[in-house]
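Undergrad: The primary structure of each chain is shown beneath.
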Amino acid sequence: MNLSKVGRALLVTASAAALAVTLAGCGSDDNSGSGGFVAGGDADCQGAAGLTAEGSTAQQNAIGIFNKVWGQACPGKNLSYNPTGSGAGITQFVSGNVDFAGSDSPMDAEQAAGAAKRCDNNPAWHLPLVFGPVALAYQLPGVEQLAVSPQTLAGIFTGAITRWNDPALVALNPDQELPDTPITPVYRSDSSGTTDNFQKYLAAAAPQDWTKGAGKEFQGGAGEGAQKSAGIVQAVQVTPGAIGYVEKGFADQAGLSVAAIDSGGGPVALTGESAKTAIAGATFVGAGNDLVLDLDALYAGTAPGAYPLMLVTYNIVCSRGYSPELAAAVRSFLTVAADHGQAGLDTIGYVALPESIKTRLVAAARAIQ
Amino acid sequence: MNPPDPTDTESGRVVAEPLPGPPVVRTDPSGKTRVRLGDRIFGGLARSSGIAVIALIVAIGVFLLWRAIPALTRNQENFFTFGGNWVTTDTAAMHFGVAELFQVTVFVSLFALVLAMPVALGIAIFLTQYAPKRLAGPLASVIDLLAAVPSIIYGVWGLYVLAPAIRPFALWLNDNLGWFFLFATGNASVAGGGTVFTAGIVLAVMILPIITAVAREVFVQTPHGQIEAALALGATRWEVVRTTVLPFGMSGYISGAMLGLGRALGETIALLIILRGTQRAFGWSLFDGGYTFASKIASAASEFNDQYKAGAYIAAGLVLFVLTFAVNSLARAAVSGKGRS
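So the sequences go chain by chain: A and B. All letters in the first sequence, in the order written, are residues 1 to 369 by the numbering used here. All letters in the second sequence, in the order written, are residues 1 to 341 by the numbering used here.
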């Protein structure tokens, strides 16, 4: 089986090489914006065959898809991604053990300084490649559709709102018959990037109602904790009156009811499209190719049709300082991931990149040296 | 003139003999003969095994203390009385304490013990006194098999199978007996099942084989003379058990229960899966959630990237170590006290 795989890979490599020669002959290697996918056709496949990366578990499945697509577009290429957590990923990247890191949050100043040293005194860039919307899964028999606002959400998770027929919730759901049952908020009891982003979201979108700060441990003061995403799903499933936050993929898979968010412009349900709309409206903190997103603006945004509650994960790469072979491989992987890799993301609970972000990402990826 | 009633004078009662201690036979009676090489090697091996165990325990204690002290000096709260959420992200000023962990650990373990002890006693008596020989052997193996099931299986079974199954009963208890503190509405939802109630039942099943095995081993050694004497005096099966087997085996039963308690105190993964994390204080209700020492440490073990943060959890581990040590010593004292009387 291995032999035949290798054989096939060699065959495809040979044909790809032939194609590449033809393309090079045409003098065209510009493929920005092309969304089509032709195996070995329009991808830039130079550089080393293997890459290593480590970090966030939240982007693990997306990286899996990117790697598969990269292998198809550039036969023989492989990325080995070690999902050990954001902190561990950055540490490994800074000490030069892996080629890039995956992280749920941007580096702090100290980490950035370490990363710059690792990159031969060149800055490291944050490339937001993977967006994971967070679903508000709930269990409320008889209530098919539910809308919450950031303020009521903060109230629920701080214990200020304790019953489903609270006037604030009734006002948001005029067409629904909300029962007089207690609300059981369910949070992640292990430390998690999802909790961090959920709390950041509440702090940005409902600063009056959420004064508990952020962080990977839940600080709300109400509800009960479950272990990992699977634990949240289980708890919401069996507990009438429960509401919890969990990655969209998990909620979809379990078939849980998911609440819509009303940021002021009417309820917006969580779909691939509404999440994409929110990302498209996002702005960056700085100029240039270090694409750190302005999360506060994204979370507090009230654009119509945008679902703002999501986990943003970055891939942290060196802007310069790789060996030429490695730089070419990193460029190749990132461009393929940002372009061809987006197709299958929706089905596993991530959001495909909107065009505006994709353009910036591809430009940044190409600038890596 | 009435004939004397034997029960008035207790003439029919079989007085349990105290358990005779093992006869002490010194292996070197004179101490003067030339000690042979084999004896010396064997004696040395036996002695060093004994010393190694003590050294190991001391080493564990010293290690826990050594790692815990730096973290304890950075704790902003009283380590023994603080029961709130642990905040260990800022290692210069951490907030942690064991009050709630201690309460949850002791509560869930005692609840499990209360459930498991009568059942284990019944099984042990049945297997040694009532069951036909052909049945007793296989049944005993089945009980022992319970101890071989990995605790992760118990955890998953408890949360996904047992909790929904006992939910109606739990809800009924909460609705009708909610005025009693044990069944009051706690800080985890009754319907969700991630409560001490579910966890205690699972834990009881887990410690059942240990208690049963020890009790069975002791009960089966009840002197035949005593049993036959009781039967000869006209005692029924139950009276035989009450007057000979139980007094003879009580110390073994108690020490089996203490072994079970030791296991319950240290149980980790099953409780981590079942018990829900909580934001409100523990209130001694069976429908509370929370963390035990061991499950708290396990829940954070993947984030030990800093010696001070890890130290906070190791300090909790140290308390568990001392607690288990104290329970075992108490059990030993209780058992030896029973033996003397």
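Keep in mind the hints are simulated off the structure, nothing from the lab. Careful: at least some of the hints might be erroneous.
[Stated by the list, open to error] In the EDC-like style, the derived pairs of lysine to aspartate or glutamate whose C-alpha atoms are separated by at most 20 angstroms in a straight line are: (1) A:K212 with B:D90; (2) A:K358 with A:E273; (3) A:K228 with B:E303.
These numbers were taken from a predicted model, which means no experiment stands behind them.
Undergrad: Against the structure, test the hints numbered earlier, and report the numbers of the ones violated in rising order.
TA: none
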